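Chains as they are written, first to last, in our numbering: chain A, 1 to 374; chain B, 375 to 692.
There could be a bad hint or two in this list.
Per label pair, the in silico range of CB-to-CB distance [what the hints assert, rightly or not]:
#1 A:Asp-351 - B:Glu-611: 13 to 21 Å
#2 B:Gln-673 - A:Val-348: 44 to 52 Å
#3 B:Ser-668 - A:Leu-338: 53 to 61 Å
#4 A:Leu-334 - B:Gly-556: 52 to 60 Å
#5 B:Phe-492 - A:Leu-338: 52 to 60 Å
#6 B:Ala-663 - A:Ser-215: 57 to 65 Å
#7 A:Asp-351 - B:Asp-417: 30 to 38 Å
#8 B:Ala-615 - A:Leu-334: 48 to 56 Å
No lab work stands behind these hints: they were computed from the structure.
Given the structure is predicted, the values throughout are model-derived calculations rather than measurements.
Every residue gets a Cβ at the ideal spot worked out from N, C-alpha and C, and that includes glycine.
Below, each chain spelled out in residue letters.
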Amino acid sequence: MLTEEPRSTASSSPRGRAPHSPEHPPPPRPAPPAPPRLTAADRAALLRFMVEMRTFEERGVALYKQGRTPGSFYDGHGQEAISVGAAFALGPDDVICSPLIRDLGAHLVRGTDLAQIIRHHLGRDNALSRGREGNVHFGDVDRGVIGMVSMLPDMMVVAVGLAMAFRMRRERRVALTFFGDGATSPGAWHEAMNVAGLRREPVILLCENNGLAYSTPTERQFAVGPAERAKAYGMPGVVVDGNDVEAVFAATHAARERALAGDGPTLIEARTMRMHGHGSHDDARYVDPAVFAAWRERDPIATYEARLRAEGTDVDALRAGVLERLEAAVQAALAAPLPDPATATDGVFADGPGRTLGRGDAPWSGHAGPEAGR
Amino acid sequence: MTYLQAITDGLREAMRADERVFVLGEDVGAFGGAFKATEGLYDEFGADRVQDFPIAESAIVGTAVGAAIAGLRPVAEVQFADFVACGFDQLVNVAGKMHWRTGLAVPMVLRLPSGGGFAGGPYHSQNPEAWFMHAPGLKVLAPSTPEDAKGMLMAAIADENPVCFLEHKHLYRRVKGAVPLGDHRTPFTARVAREGAELTIVAYGAMVHAALQAADAFEPGRVEVLDLRALVPLDEEAILASVRRTSKVLIVDEANETCAAGAQVAALVADRAFSDLDGPVRRVATPDAPVPFSPGLEQAVLPTPDRIAEAARELLAY
Ligand SMILES: Cc1ncc(C[n+]2csc(CCOP(=O)(O)OP(=O)(O)O)c2C)c(N)n1
Chain A
1 MLTEEPRSTA
11 SSSPRGRAPH
21 SPEHPPPPRP
31 APPAPPRLTA
41 ADRAALLRFM
51 VEMRTFEERG
61 VALYKQGRTP
71 GSFYDGHGQE
81 AISVGAAFAL
91 GPDDVICSPL
101 IRDLGAHLVR
111 GTDLAQIIRH
121 HLGRDNALSR
131 GREGNVHFGD
141 VDRGVIGMVS
151 MLPDMMVVAV
161 GLAMAFRMRR
171 ERRVALTFFG
181 DGATSPGAWH
191 EAMNVAGLRR
201 EPVILLCENN
211 GLAYSTPTER
221 QFAVGPAERA
231 KAYGMPGVVV
241 DGNDVEAVFA
251 ATHAARERAL
261 AGDGPTLIEA
271 RTMRMHGHGS
281 HDDARYVDPA
291 VFAAWRERDP
301 IATYEARLRA
311 EGTDVDALRA
321 GVLERLEAAV
331 QAALAAPLPD
341 PATATDGVFA
351 DGPGRTLGRG
361 DAPWSGHAGP
371 EAGR
Chain B
375 MTYLQAITDG
385 LREAMRADER
395 VFVLGEDVGA
405 FGGAFKATEG
415 LYDEFGADRV
425 QDFPIAESAI
435 VGTAVGAAIA
445 GLRPVAEVQF
455 ADFVACGFDQ
465 LVNVAGKMHW
475 RTGLAVPMVL
485 RLPSGGGFAG
495 GPYHSQNPEA
505 WFMHAPGLKV
515 LAPSTPEDAK
525 GMLMAAIADE
535 NPVCFLEHKH
545 LYRRVKGAVP
555 LGDHRTPFTA
565 RVAREGAELT
575 IVAYGAMVHA
585 ALQAADAFEP
595 GRVEVLDLRA
605 LVPLDEEAIL
615 ASVRRTSKVL
625 IVDEANETCA
635 AGAQVAALVA
645 DRAFSDLDGP
655 VRRVATPDAP
665 VPFSPGLEQA
675 VLPTPDRIAE
685 AARELLAY
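I would like the entire structure built from these sequences, with the hints used as guidance.
Written out as structure tokens, the structure is:
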């Protein structure tokens, strides 16, 4: 018994499919499909979500400085391409568990209501958190998005568990999880990587490597980078330019195809830069201004905007539309009441079946393509 | 059947009745688990439903949470309850808070072989129930008989919440009893294990048996033994009703004394039944030291029937 191979559990036979190990590799797969084609409308949508994220967060910082936001405010300036590009590659039944501090774009792509998000930030009554959590701690279960807990990277393990359930039920869906370079140090990261690779779970593990964990540079965080480590856990580690929204989209799309084909997880390491401190309270004096200046040249929105403008997209109209929607959402949020204090201790225990994970928006126009006929 | 066989039987019945139920943990597959609680399940249900996991308690607890919120009903085994500390963060910060945060139910069970009395030493003898009681959102069960072990396990699997199921290693093969066949569920309420009129001994898990032995030292009808069965939810009404009947209470804990489950019972009695008492609220528990290995040393710290009887004698005479 002790020499028995580990069994994979994805199969139609109750005993699991044939064991796999380095000596018994799975049969080779056909070549990966060609990268997905984005239409002009897809590109405009990618730009719009990124602009929406930054515009919203700039407004959020302002609301915080006006003293209207309790607690603190965190944003993802400079990292918009990652959460937008990755979430855009998902199908409606896929689950995001969980977006982190710099991933507002994922919520926007999934279709979560902006006014609800602002109400959440302001501590007003809202459907996402009911005032129980603040700032970046929210999800939208109705849209298949589960919010983060502070302990990094605890939700990565949960994402692996979701993927495990999808595989066991033979559903065509994947789980996507985000984490920073700093989150690759705790034990939970290694446990999640090991189990995901060992069991070939359909999960996409997206590392946002901005070179900093709070103030600690990666040189003082780890000896071996995340993508290199991925191989040791039995999965590909793919490095992409985290400031290129289409590169993130393509890498996530390929990882999703791989997961759906039964080939297991992919770690994507998106290299980027956090263009300010960890949160509104942090002036980031530990970063050399020259580093910021160099990365500003590579701003994910400015570069993509210039490209789309040259291709004929009406960027000004796109931006005006974003501002208009944001303003309406802010006004609606400011008019909302605070939550009823009597509700603070409700629902510690479930007294019946809980809510179920809903479907999120999948705005990529090509989505029906690879899905069709399967 | 034995307490251990009752657990296996409960698992088997739950897995037969509901295909969403699956088992995961270290060595739980073909090997049948370190204590053989999952013996035979792999042969009947296969690798999909009886999953051997690597030594990774965060992953065991956390993936169980993920599978539970996706609609499955995982039953995870932590090989020894002591090792739950390695996955504690997932339990407290992820599992316990999930429903309150998101409205998602987390129908999972964590089976925790706990307790001392067999020279397990400081890393294989702990009673971690109070850790869980202090974290909102976790139910905490500790059956003392084979019938309850099956009935409460099946009820825990059907529950929509994360449940810490403390099964006592010392009882696995020592305690035998009749167990109903098929689907059997026991409510999470206390049970009068022996009736008495002059003193209530409150206990749970293995300490119920120690308390019953201690009660044997007195004339029948004097000492009542209340088996809590569930620590969260705590059956406050049953505790208060018994104490009001007898007017004296002795609380026994195998866990370390400070902030143990029994401390919560003591606080409850002091708060809500003070005027019904004819004596102080007394406790017998393990002192605040790790459980030592050597048999003499171990017996020096764990509550024994003698020690319980001595405290009972003092209280009865008060
Ligand atoms: C387990 C744990 N320890 C400490 C913290 C406090 N903390 C919050 S964010 C952070 C830095 C995270 O770094 P990274 O994930 O790289 O994100 P970045 O801030 O660089 O975007 C720390 C230390 C935490 N959230 N979780």
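Return the numbers of the hints above that this structure violates; sort them in rising order. 2, 6
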